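Position chain B relative to chain A; hints supplied.
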Amino acid sequence: MEKIRLEEVSLSLAGKKIFENLNLVLNQGIHRVVSGQASGKSLFLQLLAGGLAPSTGRIFYGGVDVSAFCFEDWRELRLKIGYGFDYGGLLNNRSLEENLLLPLNYHNFFSPEESEERVLDFLEKFELGAVKSLRPSEVTGSQRKAAVVARALLLRPEVLVLDDPTTGLRNSVKESFFKELEREMHGGLSHLIYCSEDREMNERFKPALIDCHGEMSGKMLGETAA
Amino acid sequence: MVLVGWLGRRALAPFQFVVEAFFLAYQAGRAFFVNEAQGFRAVLQVIAQQIYFTGFQALPLITVLSLATGSLVIMQSTSQLSLLGGQRMMGSLLVALVFRELAPLMTALVVVARSGTAVASELGNMKVHREIEALELMGIHPLSYVVFPRLFGGVVSLMCLGIYFALIAFLGGFLVAQCFHPMSFTYFVDLISASLMPKDVFYFFLKILSAGVWVFSICCYYGLSVGRGSHEVPQVTTKAVVQSLLAVTGFQVILSLFFYVGLLMDAGAL
Chain A
133 MEKIRLEEVS
143 LSLAGKKIFE
153 NLNLVLNQGI
163 HRVVSGQASG
173 KSLFLQLLAG
183 GLAPSTGRIF
193 YGGVDVSAFC
203 FEDWRELRLK
213 IGYGFDYGGL
223 LNNRSLEENL
233 LLPLNYHNFF
243 SPEESEERVL
253 DFLEKFELGA
263 VKSLRPSEVT
273 GSQRKAAVVA
283 RALLLRPEVL
293 VLDDPTTGLR
303 NSVKESFFKE
313 LEREMHGGLS
323 HLIYCSEDRE
333 MNERFKPALI
343 DCHGEMSGKM
353 LGETAA
Chain B
434 MVLVGWLGRR
444 ALAPFQFVVE
454 AFFLAYQAGR
464 AFFVNEAQGF
474 RAVLQVIAQQ
484 IYFTGFQALP
494 LITVLSLATG
504 SLVIMQSTSQ
514 LSLLGGQRMM
524 GSLLVALVFR
534 ELAPLMTALV
544 VVARSGTAVA
554 SELGNMKVHR
564 EIEALELMGI
574 HPLSYVVFPR
584 LFGGVVSLMC
594 LGIYFALIAF
604 LGGFLVAQCF
614 HPMSFTYFVD
624 LISASLMPKD
634 VFYFFLKILS
644 AGVWVFSICC
654 YYGLSVGRGS
664 HEVPQVTTKA
674 VVQSLLAVTG
684 FQVILSLFFY
694 VGLLMDAGAL
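Chains A and B are the protein sequences, given in the same order.
Be aware that the first sequence starts at 133, since it is given in this note's numbering, and climbs by one per residue.
Be aware that the second sequence starts at 434, since it is given in this note's numbering, and climbs by one per residue.
Next comes chain A alone, as it looks inside the complex:
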């Protein structure tokens, strides 16, 4: 995917303006969203991933205007976008393995055997092999986080949007995650967009701050992205 472009994008939720008149171009590469606390970073990431529709303005994915897309229209593009939640997002009535298998099996991405193999590989890499048959409520917060991050990477996305991906991860899992990210960056991943205060991650990936790579003429209410 070449670029993601936001034109005069505003977002209001329950009558509260989150940001307005955002103009931004995200070229291929690694981007880090920075702004003050509770300024709408997570909502901005959800907007980019298609989880929220803008109140006004337009969003272009590689030249295609997605701002008025319904669920069915989004489907094809959504399969190219991986999203990692800052908290929650795992199905509580499914085991960790089933959580990871669900998108692969639902979309018939690979054969059932290939899906199983890929999921087991990720579970091992993210040190979840021993707890794969447990449900999210039965494992530690660190393991839940690892499962969320692993699931975001599973479909080999072109765009990866991660909300605080390393918070709570064990160092060894974090290292596996970084290696996997680097492998994907050399593969088909065109955009890595994340927000994190993790110094190790920021130094290792040297992301462009969001207004360095694009032109941010609008502002996130509360604090201008810098």
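A hint or two may mislead.
[As the list claims (entries may be wrong)] In silico contact screen, one side only, chain B against chain A (beta carbon under 8 Å); selected entries:
#, residue
1, ASN468
2, ALA481
3, THR496
4, GLU564
5, MET571
6, GLY572
Quick caveat, the hints were computed from the structure, so don't treat them as lab data.
Predicted model only: the values in this text are computed from it and were never measured.
Quick reminder that beta carbons are idealized off the backbone N, C-alpha and C, glycines included.
Below, chain B alone, put in the same frame as chain A:
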């Protein structure tokens, strides 16, 4: 003017909620049948789980209730049967009371208590824990993957439970009848089948089907109405149960009225 507006909104609120709940059921069905890239196997797995929880796991409770209902109806009416025509009336009594009225109503009440609460609270918790959001972001239609299987599995389970309730209640009636009016099982079956009209079967299925649609549309609707706060889950669960009970009982009374008015019209009394 403000008061009129307020009264109008209050009066229309229940209808608006009903329309929204049914629209949700329609959208879920549409999402399941129209969505091209459907993970049918994944959805079928959820339907099977729903049938297991709503149908299979309710069997012990339904067995006890239906045996008790059939037995009690015969026990209570035994003293009056001789006045009404003896054991020949047993079939009519069981069909009129158990098959026509109690089986659909009691099965629906059991399903509201067991599965309605479970569905509303499960969906509410899914909203709170961002599971619905996660499904959307994975390209999985929540209405197709979450709502439709619960609705379809729930209705199928309710149908099966209703039939099971009626059969076990008849059996309970037969067992108790052996103490007061001994008869062969084939004779008992003849009594029941002679009293059963096609209209009874039609209304029985109509009541069960409508109850299933009411209960699961309402419970899914309320479950998905939760915002981000877990404190909302018990509140919407209570609302879902109350509204389901009102809808199911109210609608069954209306259907029974139609049935009896139809009988009177057939008899030329109206």
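Structure-based check of all given hints:
| no. | hint | result |
| --- | --- | --- |
| 1 | ASN468 | 7 Å, holds |
| 2 | ALA481 | 14 Å, violated |
| 3 | THR496 | 27 Å, violated |
| 4 | GLU564 | 5 Å, holds |
| 5 | MET571 | 4 Å, holds |
| 6 | GLY572 | 4 Å, holds |
In terms of the numbered hints stated before, the structure departs from hints 2 and 3, listed from lowest to highest.
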